[in-house]
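Participant: Residue strings, one per chain:
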Amino acid sequence: MTLPEPATAALADLRAGRLDAAQYRHNFCDVYPPLSLAQARVEADRCYYCFEAPCQTACPTGIDIPSFIQRIADNNIRGSAHAILSANPLGGMCARVCPTEVLCEEACVRNSNEDKPVEIGQLQRYATDAYFAAPGKPLFTRAAATGRTVAVVGAGPAGLACAHGLARLGHAVVVFDANAKPGGLNEYGLATYKTVDNFAQREVEWLLSIGGIDIRNKSALGRDVTLEQLTKDYDAVFLGLGLAGVNSIGIPEPKANGIHHAVEFIAQLRQAHDYAQIPVGRRVVVIGGGMTAVDAAVQSRKLGAEEVTIVYRRGEEAMSASAHERDWARTNGVLVRLWAAPKEILTHNGRVTGVRFAHTQQAGDRLQETEETFTLQADMVLKAIGQSLVDAPLGSMLELQGGRIVTDAKGATVHPKVWAGGDCRVGGRDLTVEAVEHGKVAALAIHAAIGA
Amino acid sequence: MADLCTEFLGIKSPNPFWLASAPPTDKEYNVVRAFEAGWGGVVWKTVGEDPHIVNVYGPRYGALMGNDRRVIGFNNIELISDRPLRTNLDEIRRVKRAWPDRAMIISIMVPCEEESWKRILPMVEDTGCDGIELNFGCPHGMSERGMGSSVGQVPEYIEMVARWCKTYSKLPVIVKLTPNITDIRYPARAAKAGGADAVSLINTINSVMGVNLETMTMSPSVGKQGSHGGYCGTAVRPIALNMVAEIARDPQTAGLPISGIGGVHTWHDAAEFIALGAGTVQVCTAAMVYGFRIVQDMCDGLSNFMDEQGYTKVSQMVGKAVPSITGWSNLNMNHIEKAVIRQDSCIQCGRCHVVCEDTSHQAITAMKDGKRHFEIKEDECVGCNLCVSVCPVPDTITMRTLAAGEIDQRTGKAVPGHYANWTTHPNNPMRVAV
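Chain order of the listed sequences is X and S. The numbers in our numbering rise by one with no breaks, and the one at position 215 of the first sequence is 215. The numbers in our numbering rise by one with no breaks, and the one at position 53 of the second sequence is 53.
The set of hints was computed from the structure by calculation and includes no laboratory data. Mixed in with the good hints there might be a few duds.
[Unchecked claim] Heads up, simulated EDC-like pairs for lysine to aspartate or glutamate below, C-alpha to C-alpha not over 20 Å straight-line:
| # | chain 1 | residue 1 | chain 2 | residue 2 |
| --- | --- | --- | --- | --- |
| 1 | X | K116 | S | D344 |
| 2 | X | K137 | S | E214 |
| 3 | S | K371 | X | E52 |
| 4 | X | K194 | X | D327 |
| 5 | S | K313 | S | D297 |
| 6 | S | K371 | X | E106 |
| 7 | S | K413 | S | D344 |
| 8 | S | K27 | S | D68 |
| 9 | S | K313 | S | D300 |
| 10 | S | K170 | S | E7 |
| 11 | S | K12 | S | D101 |
| 12 | X | K116 | S | D68 |
| 13 | X | K194 | X | D129 |
| 14 | X | K417 | X | E399 |
| 15 | X | K194 | X | D30 |
| 16 | S | K27 | S | D101 |
| 17 | S | K368 | X | E52 |
| 18 | S | K118 | S | E159 |
Just chain X, with the same shape it has in the complex (with noise of 0.2 Å):
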């Protein structure tokens, strides 16, 4: 069944400046307030200090969580940031973005007592920031140096933690980053009200302060260096890069206004100076089931969509979005609808006027579409189905398994001279934390291969 196309069709509706300055202020500003002295000081109080506390289990970075919340408590901000940073070099924007309700937070054994954990992430943003508002001097130092230098590919978590571990070991490296700025999804990936206040690159500055670390910005892996080359040049290389391709949605798209991939939608709020110069439909659709489709989706209600619907092809808890994340779309405003997937992308005059859908259904294994379909009209559609590795510039020097590049748990690769790690690494949960984990791992595992 095809519905008609909708009579609104012309009245198509994209542009910038919906709001008035205050209500971008206040709609892209801090989503969770840091919390304050006596705020921090109380919540720290609330942790129990466990026997190999079962929350540094369940953090993928193994951060002292105790020891750190016990040092805010003991007014020792400093020791504090050493217990996360040493853990986790990027502990600041972990501490931000770590869906911590199934980390952490879900493991502290408050939840038994009282169905409320402590605020392990806010307290880790406590001491993180209040660190970073006072370094003084350096927290850690870099080791005498070995001689050897080490290729790190990507700007991202998982590159400036291999980064930053090798050179805390006294290795030379040489990151490069096919972007303008280094941080990769940190920098480009995130909500812009999950990360305020050009917090990604003042973390990246102060990682970077360690010393040694030579950072290339627009230097992409296959256009202006090879892997090849790499293994020559240099010691060891890391590769962390992430996922840069955007996974199709299957289905033919015409040229149109208004078509987007979400990850571009975010990049480009996260770069912007003026909310109100950034278009956005007053009917959106985001096709999609991640937390990249949340994010957009959120957004554009914060731009002034009135409309905005996710719509993903399974059930609920099929979607890679947390519950916390469904939540928050839910809250600002997002119609989440399930078991549908798209059919055609609606134009008129060269702009997207709405999606037809078809309803689909579990059948055995696999997913079916229906007959049933129905149209939902939007200005403005955004595709969140997933980001791919981008394969081309690794030849055949690397094994890959789904997509991804195949290591041992500690990074290795099938090239003696290569690692890698973060969301491009095959068995990964597409975590920032875990890209942290994974870069740290593979620097000990480097220092060990080339030794010093």
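Fit chain S to the supplied structure of chain X, relying on the hints for placement.
Facilitator: Just chain S now, kept in the frame of chain X:
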């Protein structure tokens, strides 16, 4: 509804909660507000001879706080009343006349000379007050001038001054004791020997609240130097309870009326003092932290507790727990307990395990069948109660008393059914025959 009316040395008050001699009872304005709020009585802030003393005009108080800034301990360096004696006496007369049902005790501190006491006592008595309290306790300032705790630290002086007061006044005499001594029983005995009608305790404890580590100056300080102050508040309560109990169970002072002081913040605290022999309680820090209306919560709680327990008068509770306190050598060595961890409410924090493992008897597991699991090892447990003391969940670790005849897994021996203490223990070189 339980009757909270109290009669102490013949002095009646509508409840046992008196404000202690301290800043809250400094003048008419405060005391009237206190009575309006419901306090059963006050001990007027200590009066002395003219010319009146002066206080510092800088920090007089300091606090020990938890991370939520809840006051745990408190100290002060305020001296006795810094107003003319006549002003105080006129106000006391007016307030007592306006509030005849409330207890009005006047705290006095004058030099340790008979003439001084002989001179002030008639003036005090003339106000119509109900009794006097001799301030032999303040540990700061006045003690440097030979008064306050410097009197309270010498039993002979206590006895002497108490006798003067009984000689030159018809009023009931309460001697307020300083805890800054080694054995509280000696000053209490001296007070009794001098004819005092009651003792009140504890006064404050010598203390330095802290050090500002940036300036390396004690804190709080008056400019560049501070002076030790008197410590009070919740943190001192266990010390005060012990001293009250020591006096209550000392054969030489048993039955001597006691007004209990030291960290009373709730009805529960007050009931503990009463159970250990106090006929009334005196409060200061709670009022200084929360204001006077806190007395309403104290009265309400005490009344509800008494109703639940079937007490109709406060006097029925006085001293009821005193027989439960004894010397260590009277403790039953054949009484054996073991800790028990309730698995259904254990939240798995593991603190019981780590403190037992690190600091006690290695009697709690951390793991069972490869899983995090905390359970008592009865063959190691000595029943010390440490795990109970650190467990964050109420009623999750409890102590179980082994029945007579039950095998103690630690020793492999059956629990004897009879009482036996250290005095007859085989390991005691000084043992006596059973």
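Participant: Determine for every hint whether it applies to the structure shown.
Facilitator: These are the hints, each one checked on the structure:
no.	hint	verdict
1	X:K116 <-> S:D344	holds, 18 Å
2	X:K137 <-> S:E214	holds, 19 Å
3	S:K371 <-> X:E52	holds, 12 Å
4	X:K194 <-> X:D327	holds, 15 Å
5	S:K313 <-> S:D297	holds, 18 Å
6	S:K371 <-> X:E106	holds, 18 Å
7	S:K413 <-> S:D344	violated, 31 Å
8	S:K27 <-> S:D68	violated, 32 Å
9	S:K313 <-> S:D300	holds, 14 Å
10	S:K170 <-> S:E7	holds, 18 Å
11	S:K12 <-> S:D101	holds, 7 Å
12	X:K116 <-> S:D68	holds, 18 Å
13	X:K194 <-> X:D129	holds, 14 Å
14	X:K417 <-> X:E399	holds, 14 Å
15	X:K194 <-> X:D30	holds, 6 Å
16	S:K27 <-> S:D101	holds, 19 Å
17	S:K368 <-> X:E52	holds, 15 Å
18	S:K118 <-> S:E159	holds, 16 Å
Going down the numbered hints, you'll see the structure goes against 7 and 8, while the others check out.
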